[in-house]
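J.: One letter stands for each residue in the lines below.
Number of protein chains: 2
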Amino acid sequence: MTEFFVSRWVEQPEHVRVSDEPERLPKGFRAGAAAAGIKPKGLDLGVIVSDAPDTTSAAKFTRSGVLAAPVQVTMERTRLDAIREVVANSGNANAATGRPGLDEAARMQGATAMVAAVPETQVAVCSTGVIGVQLDGQVTTKGLLKVRPELREDGAVEFADAIRTTDTIDKHVALDVDLPGGTVRLTAQAKGAGMIQPNFATMLCFVQTDAQLAPETCDLLLGVTVKRSFDRISVDGQLSTNDTAILMASGASGVVVEPESEDELRFGEALDALMRQLALLMVKDGEGARRTGRVVVRGGSGDGVERVAREIANSPLVKTAIYGGDPNWGRIAQAIGAALPGTHPLAYDIRVEGTLVCSGGYATREQANFETDEVEIEVAVPGDGFETEVFFSDLGHEYITINADYTT
Amino acid sequence: MTEFFVSRWVEQPEHVRVSDEPERLPKGFRAGAAAAGIKPKGLDLGVIVSDAPDTTSAAKFTRSGVLAAPVQVTMERTRLDAIREVVANSGNANAATGRPGLDEAARMQGATAMVAAVPETQVAVCSTGVIGVQLDGQVTTKGLLKVRPELREDGAVEFADAIRTTDTIDKHVALDVDLPGGTVRLTAQAKGAGMIQPNFATMLCFVQTDAQLAPETCDLLLGVTVKRSFDRISVDGQLSTNDTAILMASGASGVVVEPESEDELRFGEALDALMRQLALLMVKDGEGARRTGRVVVRGGSGDGVERVAREIANSPLVKTAIYGGDPNWGRIAQAIGAALPGTHPLAYDIRVEGTLVCSGGYATREQANFETDEVEIEVAVPGDGFETEVFFSDLGHEYITINADYTT
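One line per chain: the protein sequences are L and E, in this order. In terms of our numbering, the first sequence opens at residue 198 and continues consecutively. In terms of our numbering, the second sequence opens at residue 198 and continues consecutively.
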């Protein structure tokens, strides 16, 4: 885990060190996990708790019109600016489960509150797994009793393992961040290998720090960094019913991060690098992925550049070309045209790894190279002033195998 | 070819007979093809001509913002209501080829006009194939000289073969249509196995009849039937730069189809069934497809039902589930939520092959069946008054093989 910032697209800030103790949480936090039996085997239920009563927090959720029960319960019944405890299970999404599903999510919230004597309204509930199957409240309640004695200051990796499903790459890290006011710790545990996955669905990300942050600062920093990380990735263009990202700050280091201070700037840079690298790990770990793409689009309309970037990132023809290392950039031209219907004649440029292959909508005689591990595509459409990026997986045989050959 | 109406989703009208002479064109038409050398081997250049000077027509094109040169030339320089001759090549899309590409498309138009002594402004030009490679005008001009002596009244199948690329299913047919005013012939040649394809791209469809139609009737009927056929399918959610559909009516049967007559109604029914079945053949022939899906969405917003239908039809998770015969309808719920962000709580129903698997957003205990050759999915979202359908391919290993393992 000392190798964390592995992508050329994310710079490790100078004041950020990757800890060689990934299991150790920031001051004030404990975490643990158990094999509750929601999945056939392995850890499937985890809890993180802050013992600091003044813990602050922020949370962001999926924008899907179909929300899983735990997302509904957390949005409606939890003080999102003062989350002290998080419970998460894998193996069942508790989505499309109606009234009984809501009851089970609420029961899980109550049982988790008792585990660490935290008020119910300060417990966030998260689930990931198959949609449309009822979650058995007996199983989760018994599982929570097993988690209780496991809660430890060095429980971060076990918690991360409990939320991991088809992930093949570790998505947890501990960072030490040097701020002008002192050193704070920043840990994170995430899961996700598809925006939604076959047996086990969803992207989840939990971040803890012992810096002291106002709730408004938590919300601001989480909002900005989610927009630059998890909002900018696509494995398969799918949107989960359960996506959740939660930032908790215990304040136990005594280092105060004031709004608009140098501390906040530095802390934000660390959080931003952390989130972007975690998001890139999800893309890199996209089901069956061989290569990772980054598309950067510039042009005169915010909506236009966004549509072009998404159309390219989600094009099965572009994705398969990258998987196959096939320099067929004509598929990128196709995606641009599809994203901007009725705009003919459209003067667009396409660069692949810096090489201009199409200029003003007209093929140059340069070859594209799709054979690097990370493939960078730059597109310019008419106009100036807007730019966006999307990171994406390629599309290969393993995606089909994972998603088609599974039987419920 | 006497077996043409093979889908349960398209009814063969009683007054329509499938001819056992698929090669024979309607009166007034001749067609032919040649191996011009645009593709490494095989027929790759075809011409259809009507010898009737009063031939009427209509044409519909891709809505992509990136238009191939032949589409531009046809849209700008051809009398779309009086097309008498069509030339089509496979092996090169003549797209993203700039000014030289436009010149070659115009040269192809001129050379084709000379082949049958038809005015240049009555020649439509179509291309399908790889994007971003210049088309060699010498090759097409020489090829057209070879096509000229091949033009025959029974040349329909050869023409169809010349535009065929990765297609594995024949997409041509000859119908005899009994109208109150007499019997007319209706023939069609189409190609397409992806909205855009790897080596050879695009959907093309050419329809001929010896009925006598006003140009306005041609346009009306083609417009309505394209909306109900080629606008309602998706192999991979991709939009070609070259899509073209052309209807030509020679009038040589002497049977006049007047606007708002019983003849028009019957002719329209025949054209509708023809186009829908051709569209379904494209979906069935979608690269690597095993099963065909139809999603029908009902609800209170036209935009909403369209978005839900497209999200489901283009979801790689739904497509892989159908490919694998995996009854994981939770992926449909996921697609509904993604299509309608911010609408929680959303009461939606999902039926698979008539079985209600999700009611009011809540799993019933019924199993979905994704193992039929044609899988029917019905979705209801809140409200009434709007309904749409999309036909789509599943997504399997062969799609990856075809699209990733090709090298330019």
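In short, the hints are calculated from the structure, not lab data. Owing to the predicted nature of the structure, the values given are computational and were not obtained by experimental measurement. A hint or two may mislead.
[Claimed, not checked] Simulated restraints, written as ranges between beta carbons of each label pair: (1) L:Val453 / E:Gly539: 51 to 61 angstroms; (2) L:Asp570 / E:Thr365: 28 to 38 angstroms; (3) E:Glu459 / L:Leu553: 56 to 66 angstroms; (4) L:Asn566 / E:Val203: 37 to 47 angstroms.
Glycine is no exception: its CB is placed at the ideal position from the N, C-alpha and C atoms.
J.: Each hint should be assessed against the structure and marked as holding or not.
T.: Do the hints match the structure? See the list:
1. About 36 angstroms separates the C-beta atoms of L:Val453 and E:Gly539, a value inconsistent with the hinted range of 51 to 61 angstroms.
2. Range check, L:Asp570 to E:Thr365: about 35 angstroms between beta-carbon atoms, so the 28 to 38 angstroms window is met.
3. Checked against the hint of 56 to 66 angstroms, the pair E:Glu459 and L:Leu553 passes, with Cβ atoms roughly 60 angstroms apart.
4. A C-beta distance of roughly 44 angstroms is found between L:Asn566 and E:Val203, which places it inside the suggested range of 37 to 47 angstroms.
Of the numbered hints listed earlier, the single one contradicted by the structure is hint 1.
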